[in-house]
Amino acid sequence: MKANILNIGAKRNWVPGYREDPYLAFNFIVEIDGISVAGFSEVSGLSIETQVERKTFGGENHKEFVFLGQTKYSDLTLKNGVTNDEYLWNWYQNVVNGVVKRRSGSICLLDHSGTPKVWWNFIEACPIKWEGPAFSASSSAVAVESLVLTHNGLYRYR
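For the sequence shown, the residue numbers in this note's numbering are 1390 to 1547.
Check before you lean on any hint, since a few could be wrong.
No farther apart than 16 angstroms at their CA atoms in a straight line, the calculated lysine to aspartate or glutamate pairs in the EDC-like style are these [as the list claims (entries may be wrong)]:
(1) K1468 / E1513
(2) K1461 / E1442
(3) K1518 / D1500
(4) K1468 / D1410
(5) K1490 / D1422
(6) K1506 / E1409
(7) K1468 / E1438
(8) K1461 / E1438
(9) K1518 / D1464
(10) K1490 / E1520
(11) K1468 / E1534
(12) K1506 / D1410
(13) K1506 / E1420
(14) K1452 / E1442
(15) K1461 / E1513
Distance windows between CB atoms, simulated [what the hints assert, rightly or not]:
(16) V1484 / S1463: 52 to 58 angstroms
(17) V1507 / S1463: 38 to 44 angstroms
(18) R1443 / E1513: 17 to 23 angstroms
(19) R1443 / V1507: 29 to 35 angstroms
No wet-lab data here; the hints were simulated from the structure. Heads up, the beta-carbon is just placed ideally off N, CA and C, and yes, glycines get one too.
Full structure from sequences and hints, please.
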């Protein structure tokens, strides 16, 4: 049986004069239940990982077998400047008081003109941690709070 060999010398079909630049990380919006709830300064935790189990078997000492396991979604951390809007605070306070309402949302990456280009939808999210701002009389930085959301899935669309 002949092994497949990569054709390293192969060239892509480039269109002359066309270049697609990557989108900039600062140009994004976050929606929860279809509503832009805050001007977020940072979103982190867009991560999916599939666990693997590696095994070797007697008689097959030259080989390692890899078995795929459970896929896990990381928690999302949303950071925003403190304002009078209490939407996120009230959502978490309801969870603290035993009233759990899961909500779905989107993190949307925009191009330079503000047009949505790529978005990640998270489903059935629930806040699990809130962290308030750090205060310092010697700083003029914006007061930032963070909310950590756990969720049941992440999907990417273009």
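* To do: Kindly confirm whether 17 to 23 angstroms is satisfied by the beta carbon distance between R1443 and E1513.
  => At 32 angstroms between Cβs, range violated.
* Does the hinted range 38 to 44 angstroms hold for V1507 and S1463 at CB? -> The hinted range 38 to 44 angstroms is violated for V1507 and S1463, with Cβ atoms some 18 angstroms apart.
* Asked: Do the alpha carbons of K1490 and D1422 lie within 16 angstroms of each other, as the hint requires?
  -> OK: K1490 and D1422 at ~11 angstroms, within 16 angstroms.
* Holds or violated: K1452 with E1442, Cα cutoff 16 angstroms? -> 14 angstroms, holds
* Asked: Do the alpha carbons of K1518 and D1500 lie within 16 angstroms of each other, as the hint requires?
  -> 31 angstroms, violated
* Asked: Are the Cα positions of K1461 and E1438 separated by 16 angstroms at most?
  -> 5 angstroms, holds
* Holds or violated: K1506 with E1420, Cα cutoff 16 angstroms? -> With a Cα-Cα distance of about 15 angstroms, the restraint between K1506 and E1420 holds, given a limit of 16 angstroms.
* When you check the alpha-carbon spacing of K1468 and E1438, does it fall within 16 angstroms? -> It is violated: about 23 angstroms lies between the C-alpha atoms, which goes past 16 angstroms.
* Asked: Does K1506 pair with E1409 here, judged by a C-alpha cut-off of 16 angstroms?
  -> 13 angstroms, holds
* 29 to 35 angstroms as the expected CB spacing between V1507 and R1443, which holds or is violated -> 33 angstroms, holds
* Asked: Holds or violated: are the alpha carbons of K1518 and D1464 at most 16 angstroms from each other?
  -> 10 angstroms, holds
* To do: Take a quick look at whether K1490 and E1520 sit within 16 angstroms of each other, Cα to Cα.
  => 20 angstroms, violated
The structure is inconsistent with the numbered hints 1, 3, 4, 7, 10, 16, 17 and 18, although it conforms to all the rest.
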